Amino acid sequence: MLQRFGIRIAFMTRSLKDSVLQKDSTRRYLVTQLETTASRLSSEPSVSNMEELKKATREGRVDLEYRPLYLDAQATTPLDPRVLDALMPYLISLYGNPHSRTHAYGWESEAATETARKQVANIIGADPKEIVFTSGATESNNIAVKGVARFYREKKRHLITTQTEHKCVLDSCRALENEGFDITYLPIQKSGLINLKDLEAAIRPDTVLVSIMTVNNEIGIKQPISEIGRICRAKKVFFHTDAAQAVGKIPLDVNEMNIDLMSISGHKIYGPKGIGALYIRRRPRVRVEPLQSGGGQERGMRSGTVPTPLVVGLGAACHVAHKEMSYDHARLEHISRRLVDKIMAELPDVIRNGDPEHSYPGCVNLSFAYVEGESLLMALKDVALSSGSACTSASLEPSYVLRAIGADEDLAHSSIRFGFGRYTTEEEVDYTAEKCIQHVKRLREMSPLWEMIQEGIDIKSIQWTQH
Amino acid sequence: MAATRGEVLRLYKKMLRESISFSNYSYRTYALRRIKDAFRENKGESDPGKIKDLIMYGVHNLEIIKRQVVISQLYKTPELIVEACKKQSNDQKT
Chain A
415 MLQRFGIRIA
425 FMTRSLKDSV
435 LQKDSTRRYL
445 VTQLETTASR
455 LSSEPSVSNM
465 EELKKATREG
475 RVDLEYRPLY
485 LDAQATTPLD
495 PRVLDALMPY
505 LISLYGNPHS
515 RTHAYGWESE
525 AATETARKQV
535 ANIIGADPKE
545 IVFTSGATES
555 NNIAVKGVAR
565 FYREKKRHLI
575 TTQTEHKCVL
585 DSCRALENEG
595 FDITYLPIQK
605 SGLINLKDLE
615 AAIRPDTVLV
625 SIMTVNNEIG
635 IKQPISEIGR
645 ICRAKKVFFH
655 TDAAQAVGKI
665 PLDVNEMNID
675 LMSISGHKIY
685 GPKGIGALYI
695 RRRPRVRVEP
705 LQSGGGQERG
715 MRSGTVPTPL
725 VVGLGAACHV
735 AHKEMSYDHA
745 RLEHISRRLV
755 DKIMAELPDV
765 IRNGDPEHSY
775 PGCVNLSFAY
785 VEGESLLMAL
795 KDVALSSGSA
805 CTSASLEPSY
815 VLRAIGADED
825 LAHSSIRFGF
835 GRYTTEEEVD
845 YTAEKCIQHV
855 KRLREMSPLW
865 EMIQEGIDIK
875 SIQWTQH
Chain B
15 MAATRGEVLR
25 LYKKMLRESI
35 SFSNYSYRTY
45 ALRRIKDAFR
55 ENKGESDPGK
65 IKDLIMYGVH
75 NLEIIKRQVV
85 ISQLYKTPEL
95 IVEACKKQSN
105 DQKT
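Sequence order for the protein chains is A and B. Heads up: the first sequence runs through residues 415 to 881, numbered per the numbering used here. Heads up: the second sequence runs through residues 15 to 108, numbered per the numbering used here.
The hints are simulated quantities; they were obtained by calculation from the structure and are not laboratory data. Treat the hints with caution; some may be incorrect.
Stated by the list, open to error - When the alpha-carbon atoms are kept at most 25 Å apart in a straight line, the in silico DSS-like pairs for lysine-lysine are as follows: (1) A:795 x B:90; (2) B:101 x A:756; (3) A:737 x A:543; (4) A:795 x B:101; (5) A:737 x B:64; (6) B:100 x A:795; (7) A:756 x B:100; (8) B:57 x A:737; (9) A:737 x B:27; (10) B:50 x A:737; (11) A:570 x A:611; (12) A:581 x A:570; (13) A:849 x B:100; (14) B:50 x B:100; (15) A:737 x B:66; (16) B:27 x B:50; (17) B:66 x B:80; (18) B:90 x B:100; (19) A:849 x B:107; (20) B:50 x B:64; (21) A:737 x B:80; (22) B:28 x B:64; (23) B:90 x A:469; (24) B:50 x B:80; (25) B:28 x A:737; (26) B:101 x A:849; (27) B:90 x A:687; (28) A:649 x A:569.
Said to hold, decoys possible - Here are the in silico distance ranges between beta carbons for each label pair: (29) B:24 x A:505: 29 to 35 Å; (30) A:798 x B:106: 24 to 30 Å; (31) B:34 x A:604: 44 to 50 Å; (32) A:509 x B:77: 18 to 24 Å; (33) A:795 x B:74: 38 to 44 Å; (34) A:772 x B:57: 33 to 39 Å; (35) B:84 x A:611: 55 to 61 Å; (36) B:76 x A:517: 32 to 38 Å; (37) A:860 x B:102: 25 to 31 Å.
Computed from a prediction, not measured in an experiment: that's the story for all the values here. Backbone N, C-alpha and C define an ideal beta-carbon position, used for all residues, glycine too.
Please work from the sequences and hints to get the whole structure.
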């Protein structure tokens, strides 16, 4: 990574050499500054290269003495011991197929999946019959978006979503576009919220579905779900929400909020990976065309044997989350305030992405101006952090969510997401804040941009040559 | 029959003593914190029925903790960086 950063600086140096900067002396000064930085960076030991480190870890060459802290709760969460305790029997001795109707093995498994269905329904105020188990929120989103659109395709050919949805919703929409559907991608305001007037204006007589996520996975923004639900109900349009990051963390009620379809994920709420659920309203009935053909399990909407241990785990996770919601929420507020206050007190030019008033406290997205996010992540090797969604963390592109809220390209490049969970301690937060402050200061010291800012040069006024 | 003060305290101590044995830092600190907060939160409870329910809930969780501690002892991982830092600063003090 640092090498790539070095290359980028080398590139900047080159473009600066033939740039249109007026004063010759300034230009010469900048060129030398950049060149020394570039050489300093390329002489870093090779193990600080992230690819190299990853390879070494995989091959067991690096003996990790300590485990890094885990602050990436939006990517996934650890399994709660209470959940593991509930699902263990179904991995060991209660292995019946829940669809076997002829023997006790099947009956006990079926009873367990039905209890879990009730637990999932309870947390969102639904009826157990309206819950369909899937392999995760990605599948739920696919069934909801593609399934609804395809079922009603004779009469309705338009869908509405937002620019900051998760990739699986956006990609499903892309697929529908190829099938001839019209999609409106609503823009996002600076605060991260959608404009309700835009939504109302975008709804057409042939609109079949509005899909807007409850809590954003990158900036933690909570959309006004109740208002959106009211608009959709009034206009007789189905409303789907991807609540993978919201269920069990903020109170949700599908009837109060007029939600017709809702995606739920197991591993974001301290449950097992590989399980999720889709809520599909029965009154007024929402119909979907199944994506998967087979034995007709889950009322034909999702064929395939229901994985009893995972489903029991999801149910237990929902049950625990329901019980612990207010306790966890209060704690996360305390934890995130602690981190933000500590960092803001020590470092200038730190920007919080997304309006804190409307966001879930477990997700804090900060931009450290004049520091590249990836270099900071590298420096913070003993804290497991991410600059955005795990699905896109392999690419160096700045997050499309941050660009959608109007963050400048350079700020989008310097963002880091801190994800707190049920188990995050004050100790961990203090350690992270301290390391973060130390490394941002260090990286800024070697950043030519930071130096220029300190000297009062307005970076935006510099004309770099063409890209 | 309402639970006695001693009965509640015994359960509280038993739960804490078990939880200390979680090998995983996150689960250990969470269990200790959650148990303390839960007992503190319900300190003023006077309804015998509710107290009985709470004790049942505590006993149920104690069983879970006992089993999960065994599992956490079976699958240990290296300690977290904060644990190491804490140990170091404790060593320096002594």
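Hints and how they fare:
With a C-alpha separation of about 21 Å, the suggested pairing of residue 795 of chain A with residue 90 of chain B holds against the 25 Å cut-off. The hinted pair formed by residue 101 of chain B and residue 756 of chain A meets the criterion: a straight-line CA distance of about 24 Å does not exceed 25 Å. For the suggested pair residue 737 of chain A and residue 543 of chain A, the alpha carbons sit about 22 Å apart, so the restraint of at most 25 Å is met. Between residue 795 of chain A and residue 101 of chain B, the direct Cα distance comes to roughly 20 Å. Compliance with the 25 Å bound is thereby established for this hinted pair.
For the given pair, residue 737 of chain A sits about 16 Å from residue 64 of chain B by alpha-carbon distance, which is consistent with the 25 Å threshold. This hinted pair checks out: residue 100 of chain B and residue 795 of chain A have alpha carbons roughly 18 Å apart, not beyond 25 Å. A threshold of 25 Å between alpha carbons decides the hint, and for residue 756 of chain A with residue 100 of chain B the separation of about 20 Å falls inside it, so the pair holds. Of the pairs offered as hints, the one joining residue 57 of chain B and residue 737 of chain A holds, with about 18 Å between alpha carbons and a cut-off of 25 Å not exceeded.
A distance of roughly 23 Å separates the Cα atoms of residue 737 of chain A and residue 27 of chain B; the hinted pair therefore holds under the 25 Å criterion. Taken as a hint, the residue 50 of chain B and residue 737 of chain A pair is honoured in the structure, with Cα atoms around 16 Å apart against an allowance of 25 Å. Distance restraint check for residue 570 of chain A and residue 611 of chain A: the Cα-Cα separation of roughly 22 Å lies within the 25 Å cut-off, and the hinted pair is therefore satisfied. Among the hinted pairs, residue 581 of chain A with residue 570 of chain A is consistent with the structure: their alpha-carbon atoms are about 24 Å apart, no more than 25 Å.
Only pairs whose Cα atoms come within 25 Å are accepted, and residue 849 of chain A paired with residue 100 of chain B is accepted, the gap being roughly 15 Å. Between residue 50 of chain B and residue 100 of chain B, the direct Cα distance comes to roughly 22 Å. Compliance with the 25 Å bound is thereby established for this hinted pair. Proximity of residue 737 of chain A to residue 66 of chain B is assessed by CA-CA distance (about 18 Å); at most 25 Å being required, the pair is judged to hold. Straight-line distance between C-alpha atoms of residue 27 of chain B and residue 50 of chain B comes to about 10 Å, which keeps the hinted pair within the 25 Å bound.
For a cut-off of 25 Å, the pair hint linking residue 66 of chain B to residue 80 of chain B stands: about 21 Å separates their Cα positions. For the proposed pair residue 90 of chain B and residue 100 of chain B, the alpha carbon gap of about 19 Å is at most 25 Å, so the pair holds. Straight-line distance between C-alpha atoms of residue 849 of chain A and residue 107 of chain B comes to about 22 Å, which keeps the hinted pair within the 25 Å bound. A threshold of 25 Å between alpha carbons decides the hint, and for residue 50 of chain B with residue 64 of chain B the separation of about 18 Å falls inside it, so the pair holds.
With a CA separation close to 21 Å, the supplied pair residue 737 of chain A and residue 80 of chain B stays within the 25 Å bound. For the suggested pair residue 28 of chain B and residue 64 of chain B, the alpha carbons sit about 21 Å apart, so the restraint of at most 25 Å is met. Restraint check: the Cα-Cα separation between residue 90 of chain B and residue 469 of chain A comes to about 23 Å, which is no more than 25 Å; the hinted pair holds. In summary, the hint linking residue 50 of chain B to residue 80 of chain B is supported, as the alpha carbons are separated by about 17 Å, within the 25 Å threshold.
For the given pair, residue 28 of chain B sits about 23 Å from residue 737 of chain A by alpha-carbon distance, which is consistent with the 25 Å threshold. A C-alpha spacing of about 18 Å is found between residue 101 of chain B and residue 849 of chain A, which places the hinted pair at or below 25 Å, so the restraint holds. Between residue 90 of chain B and residue 687 of chain A, the direct Cα distance comes to roughly 21 Å. Compliance with the 25 Å bound is thereby established for this hinted pair. Our distance criterion of 25 Å between C-alpha atoms is met by residue 649 of chain A and residue 569 of chain A, whose separation comes to about 16 Å.
The beta-carbon spacing between residue 24 of chain B and residue 505 of chain A, approximately 33 Å, falls within the hinted interval of 29 to 35 Å. For the pair residue 798 of chain A and residue 106 of chain B, the supplied restraint of 24 to 30 Å holds, since their beta-carbon distance comes to about 27 Å. For residue 34 of chain B and residue 604 of chain A, the hinted distance range of 44 to 50 Å is satisfied, since their beta carbons lie about 48 Å from each other. Checked against the hint of 18 to 24 Å, the pair residue 509 of chain A and residue 77 of chain B passes, with Cβ atoms roughly 23 Å apart.
Evaluation of the 38 to 44 Å hint for residue 795 of chain A and residue 74 of chain B yields a pass: the beta carbon distance comes to about 40 Å. Range check, residue 772 of chain A to residue 57 of chain B: about 35 Å between beta-carbon atoms, so the 33 to 39 Å window is met. At roughly 58 Å, the beta carbons of residue 84 of chain B and residue 611 of chain A sit within the given window of 55 to 61 Å. Evaluation of the 32 to 38 Å hint for residue 76 of chain B and residue 517 of chain A yields a pass: the beta carbon distance comes to about 35 Å.
Evaluation of the 25 to 31 Å hint for residue 860 of chain A and residue 102 of chain B yields a pass: the beta carbon distance comes to about 28 Å.
In summary, this structure violates none of the numbered hints.
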